[in-house]
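Take the sequence shown: its position 3, counted from the start at 1, is 2 in numbering that gives the first Met the number 0, and no numbers get skipped.
The hints are simulated quantities; they were obtained by calculation from the structure and are not laboratory data. Treat the numbers as computed from the prediction; the structure is a model and nothing was measured. Don't take every hint at face value.
[To be verified] Lysine-lysine pairs mimicking PhoX-like chemistry, simulated, CA-CA at most 25 angstroms apart: (1) LYS124 <-> LYS220; (2) LYS188 <-> LYS220; (3) LYS188 <-> LYS124; (4) LYS57 <-> LYS37; (5) LYS48 <-> LYS66; (6) LYS84 <-> LYS220; (7) LYS48 <-> LYS36; (8) LYS212 <-> LYS124; (9) LYS37 <-> LYS48; (10) LYS188 <-> LYS212; (11) LYS207 <-> LYS220.
[Unchecked claim] If you anchor each label on the Cβ, the simulated ranges turn out as follows: (12) GLY40 <-> GLU189: 37 to 45 angstroms; (13) ARG171 <-> ARG81: 32 to 40 angstroms; (14) PRO117 <-> GLN184: 15 to 23 angstroms; (15) GLU53 <-> SER237: 53 to 61 angstroms; (16) ALA196 <-> GLY59: 54 to 62 angstroms; (17) LYS57 <-> ARG81: 33 to 41 angstroms; (18) GLY61 <-> MET208: 43 to 51 angstroms.
Beta carbons are placed, not taken as given, at the ideal position from N, Cα and C, and that holds for glycine.
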Amino acid sequence: MIRQDEEILRAYFRLEEAQRQRLWMQRIWRPETFDWKKRGGPPPMTATKFIRQEELEKLGFGDAHYKEMLRLEEEARAELLRLAKEHPLAPHFDRIRGLSMYLCGAFVAAGGDITRAPTVSAFWKGMGLDVLPHGLHTRGGKEVFPPGSVPRRIRGSIDVERKIPALPHVTRVGEQIRMQILRCQGRMKEFYDRFRAEVDLRHPDRAKMFNMKDALRRTQKLLYACLWQEWRVGYNLSAPQPYAFDILKHPDGGLVRISDFYEPAGSGTDSSETEPEGE
0 MIRQDEEILR AYFRLEEAQR QRLWMQRIWR PETFDWKKRG GPPPMTATKF IRQEELEKLG
60 FGDAHYKEML RLEEEARAEL LRLAKEHPLA PHFDRIRGLS MYLCGAFVAA GGDITRAPTV
120 SAFWKGMGLD VLPHGLHTRG GKEVFPPGSV PRRIRGSIDV ERKIPALPHV TRVGEQIRMQ
180 ILRCQGRMKE FYDRFRAEVD LRHPDRAKMF NMKDALRRTQ KLLYACLWQE WRVGYNLSAP
240 QPYAFDILKH PDGGLVRISD FYEPAGSGTD SSETEPEGE
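Model the full structure from these sequences, guided by the hints.
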């Protein structure tokens, strides 16, 4: 793995672990800091909870540990942001509405070793976005799910399931990016709206949730393809064009590039308002 990417991955894991422990300890030692609107307030202190706090204190998971996790979380986040700003993908994340420097670091951490993804298909697979061949979407001569469905959607088809599922942090980062696609009114949302209109027209009788996920998946894969190419180019690695353009020699007028996701100059892409909260 390239050294710069490895440092980002380590910083991301430090942040993830510090945040996980901080949230766990916060529920025990600082329950009043959470939103309890539905319950009218934090749960009452009981004898059982008091005993639990005493035993956790003996094990070193007391209030001091909670404060230490707060400090480590702040340090890890600052380190992740610093490293992300120095990455080849940073200028692109800075130009796309909804993609913050935190997401830049998280995306690099999820992508892992870019040298092991010589094609965009390999990168999609590593990011949990691989699909099944069209012929595997039939059962008894009838189509079960449309092309583009992920393997886990088909029950009882052991041979076509992913042998190694996507790692938890890869899935989590993907969900954060999908949330930003739907949430931010920018070029990513424009691509989604265009794909959604096409899917709704092609499958008018299908459940809206499937159409939404279909369009969202297309947008995400297109964005990932552009980022993969810029990532590889940034490290002077080969980055072939998609199969249709590189092998089949289709006219490149329809080729989407990373600049197509940029916001117009002067439109403002303040990502601080849209940075997803890590869990």
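Verification of the supplied hints:
no.	hint	result
1	LYS124 <-> LYS220	11 angstroms, holds
2	LYS188 <-> LYS220	14 angstroms, holds
3	LYS188 <-> LYS124	24 angstroms, holds
4	LYS57 <-> LYS37	33 angstroms, violated
5	LYS48 <-> LYS66	20 angstroms, holds
6	LYS84 <-> LYS220	23 angstroms, holds
7	LYS48 <-> LYS36	21 angstroms, holds
8	LYS212 <-> LYS124	18 angstroms, holds
9	LYS37 <-> LYS48	21 angstroms, holds
10	LYS188 <-> LYS212	13 angstroms, holds
11	LYS207 <-> LYS220	20 angstroms, holds
12	GLY40 <-> GLU189: 37 to 45 angstroms	43 angstroms, holds
13	ARG171 <-> ARG81: 32 to 40 angstroms	22 angstroms, violated
14	PRO117 <-> GLN184: 15 to 23 angstroms	35 angstroms, violated
15	GLU53 <-> SER237: 53 to 61 angstroms	60 angstroms, holds
16	ALA196 <-> GLY59: 54 to 62 angstroms	56 angstroms, holds
17	LYS57 <-> ARG81: 33 to 41 angstroms	37 angstroms, holds
18	GLY61 <-> MET208: 43 to 51 angstroms	45 angstroms, holds
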